[in-house]
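Top to bottom, those sequences are chains Z and D. No gaps in the numbering here: position 232 of the first sequence is 251 in the working numbering, and each next residue is one more. No gaps in the numbering here: position 133 of the second sequence is 154 in the working numbering, and each next residue is one more.
Rather than coming from a laboratory, the hints here were simulated on the basis of the structure. Take the hints with a grain of salt, since some may be wrong.
[Stated by the list, open to error] Taking beta-carbon pairs under 8 Å as the criterion, some of the chain D residues facing chain Z (in silico): (1) Asp78; (2) Gly167; (3) Gly193.
Glycine residues also receive a C-beta, built at the ideal position from the N, C-alpha and C atoms.
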Amino acid sequence: MPTVNRRDLLGASVIGLGAGLAGMGAGALIERETSAPPAAGPDTAGLNGSRLEPFHGRHQAGVETSPQTHGLFLSLSLRPETDRSGVTRLLRLLTEDAARLTQGRAPLADPEPELAEDPARLTITFGFGRDLVARAGRRHVPDWLAPLPQFGIDRLRPELCRGDLLLQVCSDDPTTVAHAARMLLKDAEAFTRPAWQKAGFRRAYGSDPAGTTARNLFGQVDGTSNPAAGSADFARLVWGETGSGQQFGPRGAPPTDLATDYPDWLVGGTSLVLRDIAMNLDTWDEVDRPGREFSVGRSLSTGAPLTGEHEFDIPDLSATTEAGLKVISPVSHVARSRNVDEPAEQIHRRVYNYHSIPITGEVSEGGMMFASYQASIHRQFLPIQRRLDEADLLNAWTSPIGSTVWAIPPGCDAGDYIGSRLLEA
Amino acid sequence: MRTSRPLFPVISAGLLSIALSTSLAACSSPATSQDTSTPGSTVATTASAAPQLTLTDGWVKATDEDMTSMFGVLTNGTGADIVLESATSESAGMVELHETTTDPSGSSTMRQVEGGFTVPAGGHLALEPGGDHIMLMELREPIEPGGEVAVELVTSTGETIPVTVVAKDYSGAQEDYDMHESEH
Numbered sequence: 020m021p022t023v024n025r026r027d028l029l030g031a032s033v034i035g036l037g038a039g040l041a042g043m044g045a046g047a048l049i050e051r052e053t054s055a056p057p058a059a060g061p062d063t064a065g066l067n068g069s070r071l072e073p074f075h076g077r078h079q080a081g082v083e084t085s086p087q088t089h090g091l092f093l094s095l096s097l098r099p100e101t102d103r104s105g106v107t108r109l110l111r112l113l114t115e116d117a118a119r120l121t122q123g124r125a126p127l128a129d130p131e132p133e134l135a136e137d138p139a140r141l142t143i144t145f146g147f148g149r150d151l152v153a154r155a156g157r158r159h160v161p162d163w164l165a166p167l168p169q170f171g172i173d174r175l176r177p178e179l180c181r182g183d184l185l186l187q188v189c190s191d192d193p194t195t196v197a198h199a200a201r202m203l204l205k206d207a208e209a210f211t212r213p214a215w216q217k218a219g220f221r222r223a224y225g226s227d228p229a230g231t232t233a234r235n236l237f238g239q240v241d242g243t244s245n246p247a248a249g250s251a252d253f254a255r256l257v258w259g260e261t262g263s264g265q266q267f268g269p270r271g272a273p274p275t276d277l278a279t280d281y282p283d284w285l286v287g288g289t290s291l292v293l294r295d296i297a298m299n300l301d302t303w304d305e306v307d308r309p310g311r312e313f314s315v316g317r318s319l320s321t322g323a324p325l326t327g328e329h330e331f332d333i334p335d336l337s338a339t340t341e342a343g344l345k346v347i348s349p350v351s352h353v354a355r356s357r358n359v360d361e362p363a364e365q366i367h368r369r370v371y372n373y374h375s376i377p378i379t380g381e382v383s384e385g386g387m388m389f390a391s392y393q394a395s396i397h398r399q400f401l402p403i404q405r406r407l408d409e410a411d412l413l414n415a416w417t418s419p420i421g422s423t424v425w426a427i428p429p430g431c432d433a434g435d436y437i438g439s440r441l442l443e444a
Numbered sequence: 022m023r024t025s026r027p028l029f030p031v032i033s034a035g036l037l038s039i040a041l042s043t044s045l046a047a048c049s050s051p052a053t054s055q056d057t058s059t060p061g062s063t064v065a066t067t068a069s070a071a072p073q074l075t076l077t078d079g080w081v082k083a084t085d086e087d088m089t090s091m092f093g094v095l096t097n098g099t100g101a102d103i104v105l106e107s108a109t110s111e112s113a114g115m116v117e118l119h120e121t122t123t124d125p126s127g128s129s130t131m132r133q134v135e136g137g138f139t140v141p142a143g144g145h146l147a148l149e150p151g152g153d154h155i156m157l158m159e160l161r162e163p164i165e166p167g168g169e170v171a172v173e174l175v176t177s178t179g180e181t182i183p184v185t186v187v188a189k190d191y192s193g194a195q196e197d198y199d200m201h202e203s204e205h
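Bound-form chain D, shown alone (with noise of 0.2 Å):
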């Protein structure tokens, strides 16, 4: 997960006021974040009033190809594990769910995970580049710098949440994704 420290390790009572005035308080913890401040991040609330699932800090690689990754943080606002179990866009003909594992060798390779993300109860499970993501794949049309792509996230208990996530230009989270079909 991205690491994002407090600013002010010991936070003074008169530091306190202006660190809350500008928001600082709520970088150090996703989980408080209000985030209006990110058109790529949609939090995404389901029917009942505590939010269950959301997804922060959400973006995807740009790509004129037929296939790209998308990444964030999610974030489990229960007192129970859910499971990410599967996720569908309307720019992609199919989307599927990435660990990514580290042989012996140091080679890492890209699979479908099994049996969807937990998301532990309360907690976070961060999506990026080298690590757990979600691949779309089968593209419509390119994914343009900037542009916005909808996804909706599926949890094993059927919920679906919406979200909008923000495409950038990134030339890491290469994918191969021929080598990796072979050993699927």
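Bound-form chain Z, shown alone (with noise of 0.2 Å):
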């Protein structure tokens, strides 16, 4: 996936001052970058605005795209004289919307123009609801579009349940994703309402090393055990492809057929499970740091396994303390969630947290929007799912209140628009 390297950007955006300073040649301003903050200037250090994502190609973008630092989820109901025709005509404008936006270009009708300058990676990333696909007609529906099973640790709240087209907008910078959503927003508005929406955040671009797992907003490291973008893991995890090369991870090769379901408009293109998961940040204040990596299985400092030393080292669940405890509590997340024997379960998840401030009441309130991409939700998610279900300590601390379940269509390429397989099957 072509991405600008960072080194050339920030050599760019010094060269591009440099050229605004008569007389000040780059090497200076490099020079002073690494010794002292420039007395006078913009501050042009970590300049990202104008980093692109591609949008059109094979599979959607914001799936395989390196998280950026916000994340709003917008879920919209299709309104009931929305016909196939209606849906047609909405993917069509929302379509060229997102390849211009992402772009850095206005969409057409625009406002504030201005405000599509500065993509900062932006990705705009359609579902598919079952009544989205239901309206080109029911003979298209893969079976698991449709409410996960019930789970014993719900506290599901109908409100946050529904949706028939989800817009996934990305960006590392939040005007972006304001100004993306609105101008798709309004071109949504004939033909949809607003379900529910939720916007999230990771740690800002710059904070860290790209690449660098996130947190959560419990201090915990998390997403370790994602696939590696661009890997043969990937290729057959999320979007069912056999993918190149044979390096894959310590839990073996996934097996190729993980979408083989797929009805014909769906080639290409993967399932979200996303799951709106509150956590209890209150009570989690009350538990104290020994507690809190029994419960994991995994240190807070660096993520590594309570048996390792590293974030990617790998868990040894059979081993034992001196007293023949197991060093990780067969209880705990990082236990219950693993099956060391299948790897076809493993899921890729993409996590935006989000923290908000009551009026009265709790410190805070938080949680995550738990974005879970898989090529087969039957055979990757939900058996993961349900042995959390049955026993993982971190139940204690969290509760899902919201669930939908997406088809994420394959990407398009210029001229055509996202889903026209399935309107025009």
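Bring the two chains, given one by one in their own frames, into a single complex with the hints.
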């Protein structure tokens, strides 16, 4: 996936500034940056507004894309009168908007075109709910495109479990996200009504080296076992494709048939389970560090399994203490979520934290939008979720309050629109 | 005209290939825009090889009333001025070319332009809300968001240029036509 090299970009921005300041060489600016802050002039260190993620392609962006800082999930319900032709017009409009916005170009009829000029890796990802697919014909609906089975840990609020069209809008710049969302929603207005929306965040661009596993609001390193972008693991586990290369993660080679049940319109796509998980920060505060690490099975400081030293060390679920107890508790999150014998049971998590300050009551409300991408909900997501539902120490502090399931259609080429193979099937 | 500043003010050699491969370079100039990704912006060419007058980024305001406005960027690919003299559409009983003028009191008035729109040699003319635009009147049916409207642009030399523009919801470009009608 072509992304702009960070070092090149920094160089370009410094050169750009140098060109604007007569007589000041780029070398002098670089020298200053590493020694002392410049006395005058704009700070161009870490400029990233012009960074782009491609929109067109075999797969939609925003899945394998390294997660941007800000994520907004917009769930829309189709108006009753929006028929197949209406859905087609809607998707043509939104695809056109997304193709332009993500490349730093204002959409047609944008009254604030300047706000489109800094995409900062903006991606806009479309997800189809059951009813949207059904409006193109019920025969096109995969059987898994339906609410998940109810779990004992669920505290679902019905209003957070609705929607026919999901727009996942991600960027390193929150102003870009707001503008993109507004442009999309204006074009969607004639066809849809908002169902719910949730904004989240991760570490800001520049806080950590790119690719650093993020932390959630419990302070945990969260997402260590994700398949690597561009790997054969990712191709098999998320896109249901064979992928190139024979390098696989420690869990072994995933099967190549995870998406063989996809209807034609979905080939090149994937599935998304989106869980809104409330995290009780106030009761988590009552737990001391050993208890926190015990509940997850990992070190808080490094994210390493309690049986290892480094984040990516493989958890040894059989290791015991001198007293004969398991080092990693069999009911810890790590132990319950892993099935070391079944390489299919892996998912790609693309999580965004959220946090709000209530007017009264708790100190603060936090949670995460747990976005889980996988080729097969039945063979990948559900076995893991069932185990966590049966037992997971972390359940004491977390409650799923929203849950939606989406088909992520394949990407499209220039001139085409997202969902064309469904609407024109 | 809608501004489209270059995304990379200074493009290093290393970035240039990336910029080109993602069609970045094309967006700084409508004249070189490929625009294959723009269903609403039909690039029309006349019978000759080189495009004479083209419309890019074309759109029309969706409406269920009997009139609306159309916008876009006209580009003259020739070395001589081209005058867009009129336009017709199967969707509208009457089509006019309008300009917007602002009087000393600050209120703006829309009126039919005298002599058409002149698109300078090798240059552009932006049709946009609050400025020059094409009025479609006596609409035969509502123009739905995401729908398409076909229009024929007619130059002073009699050339016709078919274009298709997409309809978008837009709450600006408000036309109080009755008020302006009395000024005609």
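Holds or violated: is the Cβ of glycine 193/D closer than 8 Å to a Cβ in chain Z?
-> 6 Å, holds
Can glycine 167/D be said to touch chain Z, with a Cβ gap under 8 Å?
-> With a minimum Cβ separation of about 3 Å from chain Z (threshold 8 Å), the hint on glycine 167/D holds.
Chain Z contact restraint for aspartate 78/D - C-beta distance below 8 Å | Result: holds, 6 Å to nearest chain Z Cβ.
Violated hints are absent here; each numbered hint is respected by the structure.
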